[in-house]
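Participant: What follows is each chain in one-letter form.
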Amino acid sequence: MKDRDALERQEEANREIIAALGQLSHDVEAPRDFVARVLAQADQAPVRRPAHVSWLGRLPWGVDVAVAAILLLAVVGAVPQYLTWFSTYVRGVPPAEMVATLQAKLAKREATLEAEQRERERVERVVATLQGDLGERDAALRLLSTPQVNLIRLAGLPPNSRASAHLLWNPATRAGVLLTSGLPLIPSDRVYELWAIAGKEAVRAGIFQVDEAGHGFLRLDPLPKRKRFDKFAVTSEPAGGLPQPTGPMYLLGSV
Amino acid sequence: LGELEELLLGRTQGWNVSQPSDDQVHRLLAQGDYRAALEALVRGYQHLIVRHCTAVLGDAGHGEEVAQEVFLGAYAALSRFRREASLRTWLLAIARKQCLKALRDRRRRQRLEEERRREIASGAHRTPTDPSEEDPEALRQRVRQALDRLEPSARTVLVLRYETGLSLVEMAHVLGRSEAGVRRQLARALGQLRELIDEGPE
Numbered sequence: 576m577k578d579r580d581a582l583e584r585q586e587e588a589n590r591e592i593i594a595a596l597g598q599l600s601h602d603v604e605a606p607r608d609f610v611a612r613v614l615a616q617a618d619q620a621p622v623r624r625p626a627h628v629s630w631l632g633r634l635p636w637g638v639d640v641a642v643a644a645i646l647l648l649a650v651v652g653a654v655p656q657y658l659t660w661f662s663t664y665v666r667g668v669p670p671a672e673m674v675a676t677l678q679a680k681l682a683k684r685e686a687t688l689e690a691e692q693r694e695r696e697r698v699e700r701v702v703a704t705l706q707g708d709l710g711e712r713d714a715a716l717r718l719l720s721t722p723q724v725n726l727i728r729l730a731g732l733p734p735n736s737r738a739s740a741h742l743l744w745n746p747a748t749r750a751g752v753l754l755t756s757g758l759p760l761i762p763s764d765r766v767y768e769l770w771a772i773a774g775k776e777a778v779r780a781g782i783f784q785v786d787e788a789g790h791g792f793l794r795l796d797p798l799p800k801r802k803r804f805d806k807f808a809v810t811s812e813p814a815g816g817l818p819q820p821t822g823p824m825y826l827l828g829s830v
Numbered sequence: 003l004g005e006l007e008e009l010l011l012g013r014t015q016g017w018n019v020s021q022p023s024d025d026q027v028h029r030l031l032a033q034g035d036y037r038a039a040l041e042a043l044v045r046g047y048q049h050l051i052v053r054h055c056t057a058v059l060g061d062a063g064h065g066e067e068v069a070q071e072v073f074l075g076a077y078a079a080l081s082r083f084r085r086e087a088s089l090r091t092w093l094l095a096i097a098r099k100q101c102l103k104a105l106r107d108r109r110r111r112q113r114l115e116e117e118r119r120r121e122i123a124s125g126a127h128r129t130p131t132d133p134s135e136e137d138p139e140a141l142r143q144r145v146r147q148a149l150d151r152l153e154p155s156a157r158t159v160l161v162l163r164y165e166t167g168l169s170l171v172e173m174a175h176v177l178g179r180s181e182a183g184v185r186r187q188l189a190r191a192l193g194q195l196r197e198l199i200d201e202g203p204e
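Chains as they are written, first to last, in the working numbering: chain A, 576 to 830; chain B, 3 to 204.
Read the hints as simulated data drawn from the structure, not as lab findings. Computed from a prediction, not measured in an experiment: that's the story for all the values here.
Estimated spans, in silico, between C-beta atoms of each pair:
(1) A:R584 to B:D107: 31 to 41 Å
(2) A:P746 to B:Q147: 17 to 27 Å
(3) B:R119 to A:G822: 56 to 66 Å
From the three backbone atoms N, C-alpha and C, an ideal C-beta is built for every residue, glycine too.
Take these sequences, add in the hints, and give me the full structure.
Facilitator: Listed below in structure tokens is the structure:
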């Protein structure tokens, strides 16, 4: 609580400095040939390539231990001569019966290990999703608490008139979040793209997808600070988005 | 805004908030196609990383150069990437280390140059200006100058929070600290930045 208060006090006392920090490099973008340059360097520097990792090394933690245990059990179970000698001469149990019992136990343990591994992977996926959600919500709430934030409503365009969206937009820091509802699901090779419109120029503001209910969430990419945006619109574009809108328009709203 | 706050708290739960490129990177990693995964990673995060490095280093050319190193470092580490972390915070953690290294190198070079010149600064005392009364562009310049004089670790937390826009949870992941630790570090860094701004340029 003390840490929280100290930070809140500092933030309250330094609002203008924080706003200036938010605009330090908002108009900076990677150059057009950035991807090509990184890939060329990656190709030219063989030592930087990912070291080959054996299939055992790629397994998540714990599975390698489990695999080693299974191998050990298999080795123990694969000594029929020893078992024959042990069961026949020491215990007087038929060897085939003893092998069958051990194999059944081994199969049961393998099944348990596989089930545990599947559960572990499921939990990891849930945790990753929740962490992402939490980060996005934190950003949106932080934006809401900013006094300069504007609320812009984007209305659905025919034939998707029931779709709508709210855009929380801070013109000072050029930060914003978009919340949509009622947008139709689109094919997996396409995405929705948000555009900030200044006069006749459209500037890309980020891409997003929606769930079955048409709900989508987007934290806007930082927008150029010298432009005065008067409208925002959403179109559908090929996966990865495009620098200029080409697809049909779904939502439109004015600042 | 109260209704919207409720809307955000309630409805964003379970929404698909990951960027499309993340799924693509995960799929390519699972197939063992590291080069294609690198390409998808760079396409998805190039602007974020270039912007972040530029903000920390205060120089677009240097920021771009270090951003390339970030992606090459990520390429070398792709085989060890685990899905527990998000790609965004993972890349920002690499960027943080690369930027700190670049800042250390730069400071070493600057110290050597200073020793060579041995010039005594004759800066006149500057009266602190209230930031709320200042022209925004002038304030931005003073913030930039003060940020350049700040300790690299303090500079990094301020940029991560107020420029790159990370949440405290994400910052805790990137910095490898607790949320309370991040709060303390942020409050301290803001205070130091304010002092440097009030002092004026060196």
